[in-house]
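**Q** Read off the chains here:
Number of protein chains: 2
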Amino acid sequence: MEKTLLKVNRERLLETIKISSSIGSSAHGGLHRLALSEADKNMRDIFVDWLKAEGLAVRIDDFGNIYGRRKGKKDNGPSVAIGSHLDTQPCGGKYDGILGVLTALEVIRVLNENDIETEYPVEIINFTNEEGARFAPPMLGSGGITGNFTKDFIYHIKDDEGISFEQALKDIGYMGDSENRLKNIKNFIELHIEQGPILHEQEKTIGVVQGIQGNDWYTVKVAGKTNHAGPTPMENRQDALVAASKMIVKVNEIANDIKGLKTTVGKMDVTPNVTNVIPGEVVFTIDIRHEDNELRSHAFERLKEQLSAIALISKVELTITTDWNSETTLFAPVVKDAVKEAVTELGYSSMELFSGPGHDAKYMAEVADTGMIFVPSVDGISHNEQELTLDDDIEKGANVLLYVVQKLAGTKK
Amino acid sequence: MEKTLLKVNRERLLETIKISSSIGSSAHGGLHRLALSEADKNMRDIFVDWLKAEGLAVRIDDFGNIYGRRKGKKDNGPSVAIGSHLDTQPCGGKYDGILGVLTALEVIRVLNENDIETEYPVEIINFTNEEGARFAPPMLGSGGITGNFTKDFIYHIKDDEGISFEQALKDIGYMGDSENRLKNIKNFIELHIEQGPILHEQEKTIGVVQGIQGNDWYTVKVAGKTNHAGPTPMENRQDALVAASKMIVKVNEIANDIKGLKTTVGKMDVTPNVTNVIPGEVVFTIDIRHEDNELRSHAFERLKEQLSAIALISKVELTITTDWNSETTLFAPVVKDAVKEAVTELGYSSMELFSGPGHDAKYMAEVADTGMIFVPSVDGISHNEQELTLDDDIEKGANVLLYVVQKLAGTKK
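Chains as they are written, first to last, in my numbering: chain A, 1 to 413; chain B, 414 to 826.
Calculated from the structure, these hints are not laboratory results. This structure is a prediction, so every number in the text was calculated from the model and none was measured. Heads up, the beta-carbon is just placed ideally off N, CA and C, and yes, glycines get one too. Careful, some of the hints might be misleading.
Said to hold, decoys possible - Per label pair, the in silico range of CB-to-CB distance: (1) B:Glu428 with A:Arg302: 55 to 61 Å; (2) B:Glu718 with A:Ile258: 30 to 36 Å; (3) B:Asn525 with A:Glu317: 47 to 53 Å.
Unchecked claim - Quick look at which bits of chain B chain A covers, simulated, 3 or more residues with Cβ under 8 Å: (4) 632-643; (5) 759-771.
Take these sequences, add in the hints, and give me the full structure.
**A** Pasting the structure below:
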């Protein structure tokens, strides 16, 4: 390590982010840059120019992931990969994912202008379709190269207009070669906004991310009986919505019983959904999160009993199906330690926390020692045009990433 | 009155209903015969043929209402009108409305074949768009001729495909003249299925309808804060759906406090409605019914206080708007008495009840002494392909209508 700590160029980094913020900008100060859209293509083109300007070897793989490789002393050795994604939610924010890619670019620029030679190569990555907003599920680029999805599966996913992932990739000219996929890496480090209020509320600058919370998704179907609201006496009803409402209250209340448990009903559809008709069917989702896998599944089992009791009393039928079970990902101590060392050396405030949402780092953790650096989201807002991370926090986050890269890639003494 | 009671021809009536059931039949044994659709046109054409075959003077008004007039002794005197509607809900039943028109036709047939001369003319009516399923609001035909809606309002209502009521009426060839509207009537009598379980459960054949329950509709908007389900701690959430669920439970519970009160949340929309996003907004409707207008509005005031308390605790904003207030309609004693006399003379079981849903009779009650005859709905099911009224009950209901028409129109001694 250098004795004098290297720092990023704040003005240059903010200017780079400003350029990104102008590509696919939405009406209310956010970004609408869906994966493989025209706006995404424009952003990619500029990004590739930036990589080339830094003398990096640029390559595109068969999922459209973009890599820029900076040589290391041991150029056949494993690389240290850094990055995230440049796509956004519909009318999303300017920071989610983007900061991870652009602070990584700033790190490369600082290494270059200081002629720093690292032991291991450093690779910067822009993953395709992290958001999953246009092509569901999310994290297809990182999921593809880590074998979580087959190429065939990914290529045949269609957007709402029936355009396949494969077609969209060709349309914007980012169909690369499977030979170019990332391989032989020792670490992956992703800087990201917290997308939650904890750092902001606790007035901490850096989140030392312990891992990604396990996350289970269920679909609950409540079947009652459709009937006209006028004549049907209250005691004869099998109202699916009243039963579902009682269930949703329970889903919410169970989080009081287990510390750190988060339960959310985000989606709900009522049939036939007519003012004067007693709902015959309600379908809603449950999202359960906790870093402790056992506690999480215990909570769900308990919840199931409570929902069954409500169904019985309400004379409705209950069907629960599992849509997704994702175990907790724990990040590599070597990366967490490097982040902790960085904040100590740099004198920044920090705290340990878990990530609620998934990230490309989740899949990358399966193939390399991986970690994340969180920076604060003002009021915890994300997936929203009002998403905001303050310039000071961006700068400090980038300095931490710069430190960690030097530490893990190994700089010449 | 005749000494020997006239009776309808059961086989002929059931055959007529069977023909109706074949026009616009849906996949699971019901009818899909939306107002002014091709199926509605086909049904109307056959209906007009039937009226002509009975020697009735047929006319169509500017709302597409179809009338068939049978002369009376006092042919300039006011007429006794009978009928209902031939349109249905999407995938609705074969009886709702239809029985009122086809039993009326059977009454005319019986009067004709027995050469019965009435003091007053008898008019049979098929009202346009009672259901309101294609062109909302419901009861446009009866509402139009009674001045509840202007012609301009009705003509400009559009269906989901942007076709106006006026255009649809012309398209099926049922645009008539305003001169033809019903006028100078003394009574209107509508036979209808109960659309509720009371007669079926109480094992009564005929419902002596006291009136139509008052009915208020409200829209409730609950505004919280959209956020990602992963990182947002439970205690920081302003979850619009959890708050709305608690409110819906209250809407349901208040019916326990006031006898005869019916409360329904039939429609609910969640925004953004994504599994892993905390709902930022929920909009739902409240339908409140009770025959006592004061009790009904008292119940709503109390409910408003309860919902406001939930909103406060849940840190969400509550907005309630009134969509519709409809006072209770009380039917004319002269019709109710005639129905009671009929069931006594015919030896049928009966009970008094209120109608929950609205009917064309609601508007007709504003211009004539009006009443309704209910026949049982098996299990109370309606607005559904499983809707069923038993043949025996149809026959008996038709006999009651025949009796009441003779009574009110006055038959020669």
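**Q** Mind listing which of the numbered hints don't hold for this structure, in increasing order?
**A** No numbers; nothing is violated.
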